[in-house]
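Q: Sequence:
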Amino acid sequence: MPLFLRIALVHLTGRKRQTLMSLLGIALGVAFFMAVSSLMRGSEQDFIDRLIDASPHITVSDEFREPPRQPAITTYPEGAVAIRHVQPRTEVRGIRGYKQRLAAIETIPGLRVAPVLTGQAIVTFAGKGQGVTLNGVIPEMMSGVSNIDDKFVEGNLEAIALDPNGVIVGKGLIDKLNLGMGDNVTVSSPTGLVRTMKIVGVFETGTTSVDESQAYVLLKRAQVLLDQTDRANRLVIQLDDPYSARTVAGLVEARVGYKAQSWQEASENLMSVLLIRNIIMYSVVSAILVVASFGIFNVISTVVMEKQRDIAILKSVGFHARDVRRIFLAEGAAVGLMGSLAGTALGYGLIAVLGRVEMQPPGSSQTITLPVYWGVDQIALAVLFALFSAVGAAYLPARKAGGVHPVDILRGGMA
Numbered sequence: 000m001p002l003f004l005r006i007a008l009v010h011l012t013g014r015k016r017q018t019l020m021s022l023l024g025i026a027l028g029v030a031f032f033m034a035v036s037s038l039m040r041g042s043e044q045d046f047i048d049r050l051i052d053a054s055p056h057i058t059v060s061d062e063f064r065e066p067p068r069q070p071a072i073t074t075y076p077e078g079a080v081a082i083r084h085v086q087p088r089t090e091v092r093g094i095r096g097y098k099q100r101l102a103a104i105e106t107i108p109g110l111r112v113a114p115v116l117t118g119q120a121i122v123t124f125a126g127k128g129q130g131v132t133l134n135g136v137i138p139e140m141m142s143g144v145s146n147i148d149d150k151f152v153e154g155n156l157e158a159i160a161l162d163p164n165g166v167i168v169g170k171g172l173i174d175k176l177n178l179g180m181g182d183n184v185t186v187s188s189p190t191g192l193v194r195t196m197k198i199v200g201v202f203e204t205g206t207t208s209v210d211e212s213q214a215y216v217l218l219k220r221a222q223v224l225l226d227q228t229d230r231a232n233r234l235v236i237q238l239d240d241p242y243s244a245r246t247v248a249g250l251v252e253a254r255v256g257y258k259a260q261s262w263q264e265a266s267e268n269l270m271s272v273l274l275i276r277n278i279i280m281y282s283v284v285s286a287i288l289v290v291a292s293f294g295i296f297n298v299i300s301t302v303v304m305e306k307q308r309d310i311a312i313l314k315s316v317g318f319h320a321r322d323v324r325r326i327f328l329a330e331g332a333a334v335g336l337m338g339s340l341a342g343t344a345l346g347y348g349l350i351a352v353l354g355r356v357e358m359q360p361p362g363s364s365q366t367i368t369l370p371v372y373w374g375v376d377q378i379a380l381a382v383l384f385a386l387f388s389a390v391g392a393a394y395l396p397a398r399k400a401g402g403v404h405p406v407d408i409l410r411g412g413m414a
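For the sequence shown, numbering that gives the first Met the number 0 gives the first residue as 0, with consecutive numbering after it.
If you're looking for bench data, these hints aren't it; they were derived computationally from the structure.
A hint or two may mislead.
As the list claims (entries may be wrong) - Below, simulated DSS-like cross-link-like pairs (lysine-lysine); rule was C-alpha separation at most 27 Å, straight line:
id: 1; residue 1: Lys98; residue 2: Lys219
id: 2; residue 1: Lys127; residue 2: Lys150
id: 3; residue 1: Lys175; residue 2: Lys197
id: 4; residue 1: Lys15; residue 2: Lys127
id: 5; residue 1: Lys127; residue 2: Lys175
id: 6; residue 1: Lys197; residue 2: Lys258
id: 7; residue 1: Lys150; residue 2: Lys219
id: 8; residue 1: Lys175; residue 2: Lys150
id: 9; residue 1: Lys98; residue 2: Lys175
id: 10; residue 1: Lys98; residue 2: Lys127
id: 11; residue 1: Lys98; residue 2: Lys258
id: 12; residue 1: Lys15; residue 2: Lys258
As the list claims (entries may be wrong) - Computed beta-carbon distance windows for the label pairs:
id: 13; residue 1: Leu269; residue 2: Gly13; range: 50 to 58 Å
id: 14; residue 1: Leu273; residue 2: Ile107; range: 25 to 33 Å
id: 15; residue 1: Arg355; residue 2: Tyr242; range: 52 to 60 Å
id: 16; residue 1: Arg92; residue 2: Gly143; range: 36 to 44 Å
id: 17; residue 1: Leu273; residue 2: Phe293; range: 49 to 57 Å
Predicted model, so just to flag it, every value in this text is computed and none were measured.
Every residue gets a Cβ at the ideal spot worked out from N, C-alpha and C, and that includes glycine.
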């Protein structure tokens with residue numbers, strides 16, 4: 000073992016209580032850093048996974064990112080155009096020529112696309128009614144862009160293809176209206192059309208708001224109910240690589256003309272909140288390690304004050320200032336390393352405990368465990384920050400020790 004390391008260990012073992020307290024501070028700092036980091040990254044990844052799983056990666060809606068220019072303005076770009084006695088046409092919403100636009104999107108590799116027509120309706124049974132969002136879909140295409148097939152408790156999505164008058168509803172609506180498979184319900188649309196439809200499937204997502212308010216019918220049936228002949232108002236796209244959604248959305252929008260929104264764009268505000276939360280929490284747990292490093296500063300400063308005569312003797316027998324600094328920096332690094340090892344073990348224990356805590360998210364009927372992240376990178380980050388803090392705390396006392404003048408000390412003077 001190098002001489003400077005042996006001297007450093009003698010100094011640390013000579014002040015066992017102070018060294019132990021410093022080591023404990025670093026260990027607790029590393030453990031809490033790991034636990035909080037694991038919980039934050041786990042919850043963030045769980046949120047993103049659920050977002051990607053529950054919603055389309057890209058949604059093409061029946062609107063334009065920028066309103067189209069009026070013909071008169073295009074014809075007379077430099078003029079002041081005044082139009083009188085013209086009655087505006089009632090706009091019929093929906094994606095015009097959606098089949099051709101589907102074909103254009105399908106030429107892009109690595110994606111699946113399906114048309115959807117959504118609108119509001121009222122489902123009535125035995126005198127009780129409930130407002131729902133009616134989704135008109137093509138079952139075989141919808142299965143490729145949604146995980147709805149995995150959520151069925153009775154029936155399946157293909158049932159509405161076999162029975163054009165069939166409707167699929169959520170478990171929440173079943174319980175609310177006291178429905179059962181095979182029951183006939185009345186579906187009323189805003190256009191005034193009323194149809195009697197049969198319950199042919201029941202799904203349960205675990206999200207109360209979805210299970211009570213979503214219903215699926217055949218696309219052609221929805222077009223009749225909502226008076227949107229041969230139209231869809233959404234094209235939903237699922238990608239092989241969800242994280243390429245921004246790039247692909249731009250390509251899709253250029254091809255079809257309508258607004259294509261990626262899941263990142265739709266959730267931009269939420270992602271910003273997550274980023275701010277992470278900055279705040281990392282600042283807090285980093286502050287714990289910084290505070291713990293003051294213990295190292297105190298220990299090494301005290302050793303420097305007490306060992307000035309020993310330092311003077313070392314320098315008088317040939318030790319350079321950098322050799323003396325190395326001794327005290329090694330003390331800080333040793334406390335940081337031992338504290339990091341103890342903190343890593345404690346941190347793993349805390350993460351394991353957090354991973355067993357059960358909770359029920361707001362608006363969900365399912366109980367889950369806290370999502371935690373098990374990754375080597377967060378351990379490395381905690382250990383590196385702890386070592387940096389420990390060595391940084393030891394630097395000033397080490398610099399002071401390196402500046403000791405042996406002649407002054409040995410004569411009884413103060414450095």
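Q: Now look at each hint and say whether the structure bears it out.
A: Taking the hints in turn, this is what the structure says about them:
no.: 1; hint: Lys98 <-> Lys219; result: holds (13 Å)
no.: 2; hint: Lys127 <-> Lys150; result: holds (26 Å)
no.: 3; hint: Lys175 <-> Lys197; result: holds (17 Å)
no.: 4; hint: Lys15 <-> Lys127; result: violated (76 Å)
no.: 5; hint: Lys127 <-> Lys175; result: holds (9 Å)
no.: 6; hint: Lys197 <-> Lys258; result: violated (35 Å)
no.: 7; hint: Lys150 <-> Lys219; result: holds (23 Å)
no.: 8; hint: Lys175 <-> Lys150; result: holds (19 Å)
no.: 9; hint: Lys98 <-> Lys175; result: violated (37 Å)
no.: 10; hint: Lys98 <-> Lys127; result: violated (38 Å)
no.: 11; hint: Lys98 <-> Lys258; result: holds (16 Å)
no.: 12; hint: Lys15 <-> Lys258; result: violated (67 Å)
no.: 13; hint: Leu269 <-> Gly13: 50 to 58 Å; result: holds (54 Å)
no.: 14; hint: Leu273 <-> Ile107: 25 to 33 Å; result: holds (29 Å)
no.: 15; hint: Arg355 <-> Tyr242: 52 to 60 Å; result: violated (30 Å)
no.: 16; hint: Arg92 <-> Gly143: 36 to 44 Å; result: violated (25 Å)
no.: 17; hint: Leu273 <-> Phe293: 49 to 57 Å; result: violated (31 Å)
When each numbered hint is compared with the structure, violations occur for hints 4, 6, 9, 10, 12, 15, 16, 17.
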